[in-house]
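*Asks:* FYI, in the UniProt record's numbering the residues of the sequence shown are 1 to 420.
These are computed hints drawn from the structure, not numbers from a lab.
Virtual Cβ for every residue (Gly too), placed ideally from N, Cα, C.
Mixed in with the good hints there might be a few duds.
As the list claims (entries may be wrong) - If you anchor each label on the Cβ, the simulated ranges turn out as follows:
#, residue 1, residue 2, range
1, Asn164, Val116, 33 to 43 Å
2, Leu225, Asn314, 44 to 54 Å
3, Ile397, Asp162, 20 to 30 Å
4, His267, Ala224, 18 to 28 Å
5, Ser52, Asn81, 29 to 39 Å
6, Pro77, Ser169, 38 to 48 Å
7, Gln83, His267, 54 to 64 Å
8, Lys221, Gly181, 21 to 31 Å
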Amino acid sequence: MSFTFSNGIEIFSEDNSIGLNVTQPRRTMDINGDLGITGNIYIGTTSFVDNSAKIGINTTGPLTSIHVNATDGIVIPVGTNAQRVDVTGAVRYNTDNSTFEGYSGTWGSLGGVIDVDQDTYITAENSASADNDQLRFFTSGSERLMIDVGGDTTIKNNIIVDGNLVVGSTSAVNGKIEIVGNIGSKSITTNSYLKSTTSGTFIGISGASTNNSYSLYADGKIAALEFNAISDIRVKEIKNERNINDDLNIIKNIKTYNYEFLDKLEHQDTKKIGFIAQEIEKINQDFVNKSKRFIPNIYKVFHFVAEDEIEIYNDTDININDILKIEVKHSITNSYESFIVKVIDKQENKIKIYGKEYNINKDDILFDENVFIYGKFVNDFLTIDINQILSINTNCIKYLINKIEDYDRDITIIKKKLNI
């Protein structure tokens, strides 16, 4: 059945379907042409279009241009880099980069702080449900900085400061780097590297049982045009002048050695001259200070036999609860990096390590590679107060100068008597 109106519009009816300018309607109503509606459109009970151009899905009261009242999701355009359309406000999923992106002059990721090629980003969780409570900062695919749950910060490279560096205060008064205060009851270890090396440089490594503390501690070389020791009498309570016989006796008992450092990677075969702190301590315990650090007492390459398990030699001095510094390949950077781990079990020639409390994640370590164990963490590492040794040396030198002057006077008198 069909009808033709004076304006040329034809209406066809077939199998309970109506077609406007359509001879074989495929739907209940099939229209070939424009459709104008001044009221609202209801599509079943789930979709709605009002006369102000707001579309509602599962709602008859849309609050925005498109309002979806559902719990499943919305599928947005998906495509490659080449299929992008540079229109401001565009949102899509990029299959080349596996990320959601948006356009506002340039394309950028919508997945948090991350660049388009996904090699510079910040993560707050290592994996789904890991809940490690860390912020990890990556640039060019390598981790550069990490803030742990306690607020401690690990920096994997240099600190460059355009201005002053102040620790423990709000402004610098005496120098470009100023440290106010010290620490003596708690050690700053894995989270205090200024620069990651096989040794490292630490700020705030504490004293041990002698309750010594430091404002600055470095286990590498320090170079400067001059060194100034605090010596103002206004900060001292003078007890007495040193007895020269005591100082001479000390100097007689101090042994001097030629030596090399055990850490050949850091110091190579550099020849050194110096003292042994343990011997100095026996002479006078006030001449030495105790601190906490890693010592290269293992310094060997071993192998992982399983995840978290290392095969060691039978004579290796490693025990349960020891804290070790190891170097192993990082899974992301593919370069050898230092990690701090704890020995939680030892059976025959194997140890089991644990690193979570030291901000180490299993995903960071390639367990199929060799592992270099640098050594143990100790809390009785001895250093010598060179200023006190220097003071004793000065007293002895002064004594020798006086003796030489006395001998010169005696020689002069003898020469006169002998008419020489």
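*Asks:* None of the hints should be skipped; say for each whether it holds.
*Replies:* Status of each hint after checking the structure:
As the Cβ distance of asparagine 164 to valine 116 is approximately 36 Å, the hint placing it in 33 to 43 Å holds. The hinted range of 44 to 54 Å is satisfied by leucine 225 and asparagine 314, whose Cβ atoms lie roughly 51 Å apart. For the pair isoleucine 397 and aspartate 162, the beta carbons lie near 45 Å from each other, so the given range of 20 to 30 Å is not met. Separated by about 20 Å at the C-beta atoms, histidine 267 and alanine 224 satisfy the suggested range of 18 to 28 Å.
Look at serine 52 against asparagine 81: about 37 Å separates their beta carbons, and that is inside 29 to 39 Å. Restraint check, proline 77 to serine 169: a C-beta distance of roughly 54 Å breaks the suggested window 38 to 48 Å. Checked against the hint of 54 to 64 Å, the pair glutamine 83 and histidine 267 passes, with Cβ atoms roughly 57 Å apart. Separated by about 25 Å at the C-beta atoms, lysine 221 and glycine 181 satisfy the suggested range of 21 to 31 Å.
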